[in-house]
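S.K.: Okay, here's what each chain looks like letter by letter:
2 protein chains.
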Amino acid sequence: MMSVWVGSGHLPSDLRWSPVVYGESRVMERRIDVITLAVHDLERALAFYRDGLGFETRGITATEFAGDETHAAGAVVMFRLDSGLTLALYPRSELAKDSGSAEAPTQSGAFSLGQIVANRSDVDTLLAKAEAAGATVTDKPHDRPWGIYSGYFRDPDGHLWEIIHSPK
Amino acid sequence: MMSVWVGSGHLPSDLRWSPVVYGESRVMERRIDVITLAVHDLERALAFYRDGLGFETRGITATEFAGDETHAAGAVVMFRLDSGLTLALYPRSELAKDSGSAEAPTQSGAFSLGQIVANRSDVDTLLAKAEAAGATVTDKPHDRPWGIYSGYFRDPDGHLWEIIHSPK
Chain A
321 MMSVWVGSGH LPSDLRWSPV VYGESRVMER RIDVITLAVH DLERALAFYR DGLGFETRGI
381 TATEFAGDET HAAGAVVMFR LDSGLTLALY PRSELAKDSG SAEAPTQSGA FSLGQIVANR
441 SDVDTLLAKA EAAGATVTDK PHDRPWGIYS GYFRDPDGHL WEIIHSPK
Chain B
321 MMSVWVGSGH LPSDLRWSPV VYGESRVMER RIDVITLAVH DLERALAFYR DGLGFETRGI
381 TATEFAGDET HAAGAVVMFR LDSGLTLALY PRSELAKDSG SAEAPTQSGA FSLGQIVANR
441 SDVDTLLAKA EAAGATVTDK PHDRPWGIYS GYFRDPDGHL WEIIHSPK
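Protein chains in written order, with this note's numbering: chain A, 321 to 488; chain B, 321 to 488.
Honestly, the hints are just simulated from the structure, not real lab data.
No experiment lies behind these values; they were computed from the predicted model shown.
Take every hint as true, because none was put in to throw you off.
For the chain B half of the interface with chain A, some residues (derived, Cβ under 8 Å), not all of them:
1) Met348
2) Thr356
3) Leu405
4) Leu407
5) Ala422
6) Pro465
One side of the interface only, derived from the structure: several residues of chain A facing chain B at Cβ under 7 Å:
7) Met348
8) Arg350
9) Leu357
10) Ala358
11) Ala382
12) Phe385
13) Ser419
14) Ser421
15) Ser428
16) Gly429
17) Ala430
18) Leu433
19) Gln435
20) Ile436
21) Asp459
22) Leu480
From the three backbone atoms N, C-alpha and C, an ideal C-beta is built for every residue, glycine too.
Model the full structure from these sequences, guided by the hints.
M.R.: Structure below.
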């Protein structure tokens, strides 16, 4: 494997925000625009994130793309987050078809999404809020050796969130 | 479940970027700060993302937190992305301990990460690049009914990425 290191210190500043061409080799931008969570029940997941956690969305869209046994349907929920990132909810069956993968069972542990909050007490408050909305708290808030105070919940589909307060 | 809707149109602008208190109920901010991918082999995952895809990192850090059978170790790889988002790689065994979850097997389909690129040809180029770095292309680039051109790969741990060009 060819080693291509794109440290921003090695590049003129006008290259830092565009796809980088390094010799013959185009390197991926250091960017994620969309996180799509596979869900079992789109309505349930929508209710959890919109009504339970307070995320803003137009609701289920793209229902005009019906799909079939081999082609993914379009129905999706999208939340535009404050950073410009999009959090999408998409049925597991459709992500499987769209990506050419097997349909994933409900499961935790493949990844987690983290939110950093301003105060220690926010960690407790948000975990309680998520639990009231139907989440399962898998690890109650506590101090961790690396200097953070955090706790984990999993959403109704098993996707993990860590709510983090870092005094540093 | 109590319904709490926090549309930015309903709030004064100075509340939009801070945790929102709505009556007695604090709502989560619409923000993700960290995406942590659980990996089987931290060195292999580091090589894929740093050397293969060209993401910038200080390498494996926090190795001073050794962990044990019940407590998670600290060793982690972090990539600071251009939006301010952090992409972290963390051993599956340690995420399981840290989050109070069962260790996840290698699997695809629970979620996907999407990157939107400027040109149609970038989709082909980046998928070829990822494949050369050890990824598996699960769905070759093609036009999808909702007006995008995209393809999927999975990283060495099975995590899905979709590279997307949207003419709109």
